[in-house]
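Those protein sequences? They're chains P and X, same order as listed.
332 is the number that the numbering used here gives to position 316 of the first sequence; each next residue is one higher, with no gaps.
100 is the number that the numbering used here gives to position 96 of the second sequence; each next residue is one higher, with no gaps.
It should be emphasised that the hints constitute simulated quantities derived from the structure, not laboratory data.
One or more hints might be untrue.
As the list claims (entries may be wrong) - Simulated crosslink set (BS3-like; lysine-lysine; CA at most 30 Å straight-line): (1) K22/P / K67/X; (2) K77/X / K67/X; (3) K77/X / K9/X; (4) K560/P / K545/P; (5) K69/P / K9/X; (6) K77/X / K22/P; (7) K655/P / K77/X; (8) K77/X / K69/P; (9) K169/P / K210/P; (10) K63/X / K69/P; (11) K67/X / K9/X; (12) K9/X / K63/X; (13) K645/P / K655/P; (14) K545/P / K9/X; (15) K69/P / K22/P.
To be verified - Partner residues are not named here, just some residues of chain P that face chain X (Cβ under 7 Å, in silico): (16) F20; (17) K22; (18) E40; (19) L62.
What the hints assert, rightly or not - Short, incomplete list of chain X residues facing chain P, as computed with Cβ under 7 Å: (20) T10; (21) A12; (22) W19; (23) E37; (24) G38; (25) Y41; (26) P42; (27) R46; (28) L49; (29) A66; (30) K67.
Ideal Cβ positions, reconstructed from N, Cα and C, are used throughout, including at glycine.
What follows is each chain in one-letter form.
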Amino acid sequence: MNRFGKRLRALWRRRQLDRDLEEEMAFHLAMSERQTGDRTAARRRLGNPTAVKEACRDLWAFTALEAWWRDFRCALRTLRNSPVVTATAVVALGLGIGANTTVFTIVSSALRFDMAVDHIERMVALHPGEALANLDPASQPLLDFPNLRSQVKTVENLAAYRFSAVNVSDSHALPERYWRVQMTASGWNMVRPKPQLGREFEPEDERANATPAVLLSHRLWERRYGDDPSILGQSIRIDDIDHVVVGVMPAGSQFPEDAELWTPVTLMDMADPAFRRSLLVFGRLADGVTLAAAQSEVDGVARRAIAGKVNGPVVRVRPFLEMVGVYDQRAMLIAMVFAVGFVLLIVCADVANLLLARAAARAREISIRIAIGAGRARIIRQLLVESVLLSAAGGLAGWTVALAGLRWFDGMSAQGHRPSWIQFSMDARGFAYLAAISVGAGILFGLAPAMQLAKVDVNSAIKDGGRGAESPRGRRLASLLVGFQMALCVVLLAASGLMIHSTVNLYNAPLSIDPSNVLTMRVDLPEAKYPNADSVSGFYRRLKTALGALPGVTEVSLASHLPMAGWREFRGEVEGAQGKPGSLGQLAALVVDANYFRTLAVRLRRGQPFDENGGARSQVVVNESFAAKFWPGEDPIGKRLRAAGGHEAQPWLTVTGVAADVQQNRMRPLERTALIYLPYDTEPQPSVYVITRTAVPPGTLVEAFRRAVQSLDQNLPAQDVLSLEDHISNQRLNVTAFGKLFSIFAAIALVLAWVGLYAVVAHAVSRRTQEIGIRMAMGGTRRNIFGLVLSQGMRQVAGGFAAGIPLATLVTRGLSHGLVGVSPSDPATYAGVAIVLGLAGFLGCAIPARRAIRVDPLAALRHE
Amino acid sequence: MLILKTLARGAMHGWGIALSIQQTSEEVLRVEEGSLYPALHRLELDGLIGAEWGQSENKRRAKFYRLTDTGRKALAEETDHWQQLARAIARVMEAV
């Protein structure tokens, strides 16, 4: 430390140190000379005084550090001396690094998605298997949690939960609907975070006669209760049952689902078979147990509980992570990381080309450095310091790009129902990534030119004044880089082409409804207050009347699902279609009222909607696909179908109409599903969407709708009051958002690759001016010359295209999940890529080629 | 060690040290002058010797080195160590 201090002090008194050394040497020489009387002998004995002084000075100084510092200052000077090159490189790098940081932050927040559970990768969920589809739901053994729990050995800590939406009302704010998780104590054992306020659930909370307890999420506590700790011990109404708030969970805790409320499962709940059936059972694989082993054991246990013989698995044991929302998009996200990484690689290749071109001009400078004693390693180091400095500046620019990009993506995803994993900010992790790719990129694009320069032939470089560095290797490297850029470009163009194709398919698919001027909202009636079908349908009748009376509302109807938002499955039987696959089994249905078809302007191809007054109970409407599937070539009107299963036979329902196919599939929008429209009066549901057609812009009616609901039941929230057009664009967000991102990346990549090609060809033309002059003097026509330059450039484009195709098929396979109506190897898309790339390549070569044919042979030759 | 021993006799400048070692060893040991100064500076950095500017015998400004307390301790250790080694070598040589 003392030594370090002395050296630090010497740093400030460098002049003094130099003078002292000088004087010491002079004194020594003087004394020595006096003794021997010979000046030369004295010098010979001491050796080179400068070397001695340097050796002493090195002791006092931080030599290695200072060398870095010198390199740094030198690099700064060089960069400042060529502002155009520097600015170009910084802008390109800024875009590349910024885009990468943006995507990294998004993807890492999505994939990191920490559920705060130990060993989540070993957790499994137990889903009903195919065999259960043909069994009466009332006898489903899988969901008999107590039975499984007492017998299964391969899955430890078996737990169960139910995820449902509940209405919360209290004196703090208007009633609202939130997601609630009811979970067994064994589930809580796996949760790492403890409540930040209050207590955890205790065994007493599970007793049959316990006072209902609830834990709030941090988000709910913040929004609804204004961070007020005095909420502890207070009572809130959940679905019209009083619950005591016992604690608040810390922010970000969202196991097993992203809920706002957690409640325990009481013994009384467990005693109800219907409740047990609604549970999702999960647990952690015991040590050393494989998924397959657990599958066979659990399936065996469940099978023993079924009396009869069944086909297929009764239970499917699947990794828990498959249920996490982001799982489906994992491949898409990883494809996106690749795509944006390619953009950065293209940027690096561009900058490397830029530096290679400049290397020619710097060959002389470097040669002189080598000539006066700089080692090659030293030269490479200095050039690398330069390129890393360049990329650090790019990183700084990239930071601002990333911040803007994140804000844009945030804004875009905030329009829809934001998935819970989209909660990102530019955190330390993102910043570390930014720093790492900045330095990495600097080394990547700096290394090749630096090696090139350090190998310069000193003699010829100094003599030739710079042309010596234009080695064939350097040129080959440059065109290789361009080919590489083209290949990456193909991948990005293909990916964005497929996404654009998907988006177009998505928008072109017939909706079969008129989505303009439609306002929708969701209402859920709590069971405690509306216990039977009469009270439920009574409420909705009053609500329809109230809404219909609002000025601007022309039609009001009810539906169990909005378009593009799925359906309900039930077991049914189709008359007269026996033997046809699927005629006895799961049928897809929507529950709607008779006015649904008029409200959404769904065309009825045949017949009419069910008759609301009177006969509705025995009537049904099917869609075109359903009619085509079960009664091809027959008149479906008058055919019958009914619900199956259960102990008593269900009444037959007669088909009164055939509706056009409405897009209903959530994941695959183009798929046509055979659908049944059941009359609402047959199955009055407590949770439905109210769909209204309006004569005024739907947005102006939102408040009136909320008030209308509240006027009928002041504890009831109106949820998701949304125009149908907004709902549809939310459903499409997945494809459109990723499509936009890929298109942006592809556009950037194309521009950058084009610049790279142009620069290399233009450089080649300027270098070959004399050769072209000679060719023209010897009788080469302009067409020859043009072709010569063009073919040289296009060869790189073609090579890049050929190399890019296999790479593209690899990467686009990851996209297949998000594609709509287009296969990952769609030939039309690849043809489009070829055309775009060919055009860009032609432009990149034609401009320098035009310059080449304007070469004046006389001037070119005189130059020699 | 030789430098430290020489300085044990009092403060001295670089030239003096070189001369002194040469004379004391009766011309057997000849100090490489080129490496003398880096050695001196290293010792100074290590805190074994101190340095200050003073007047030389012929009225010139010269840098005088002297032993510090740490240096004295180090010298004692080194001397012990050396003597042990020398004795050991001597014994081996005599034994043959």
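Proposed interface contact between R46/X and chain P, which counts if any beta carbon pair is under 7 Å:
6 Å, holds
Between the alpha carbons of K645/P and K655/P, is the straight-line distance 30 Å or under?
Judged against 30 Å, a Cα distance of about 13 Å means the pair holds.
Do the numbers back the hint for Y41/X, that is, is its least Cβ distance to chain P under 7 Å?
Holds: closest Cβ of chain P sits about 5 Å from Y41/X, inside 7 Å.
Given the hint that K77/X pairs with K22/P, test it: the Cα-Cα distance must not exceed 30 Å.
Distance ~21 Å between K77/X and K22/P Cα, so the pair holds.
Given the hint that K77/X pairs with K67/X, test it: the Cα-Cα distance must not exceed 30 Å.
With Cα atoms ~23 Å apart, K77/X and K67/X stay inside 30 Å; holds.
30 Å Cα cutoff - pair K169/P, K210/P
28 Å, holds
Are the Cα atoms of K67/X and K9/X separated by 30 Å or less?
Holds - the C-alpha atoms of K9/X and K67/X are around 18 Å apart, at most 30 Å.
Between the alpha carbons of K63/X and K69/P, is the straight-line distance 30 Å or under?
Judged against 30 Å, a Cα distance of about 24 Å means the pair holds.
Measuring from the C-beta of L49/X to each C-beta in chain P, is the shortest one below 7 Å?
Check passed: Cβ of L49/X comes within 5 Å of chain P, closer than 7 Å.
Compare the distance between the alpha carbons of K77/X and K69/P with 30 Å, and conclude whether the hinted pair is satisfied.
Roughly 29 Å separates the two Cα atoms, so the pair holds.
Can we keep the T10/X interface hint, with Cβ of chain P closer than 7 Å?
16 Å, violated
For the pair supplied as a hint, K560/P and K545/P, is the alpha-carbon distance within the 30 Å limit?
19 Å, holds
This entry does not satisfy hints 7, 14, 16, 20 and 21, going by the numbered hints stated previously.
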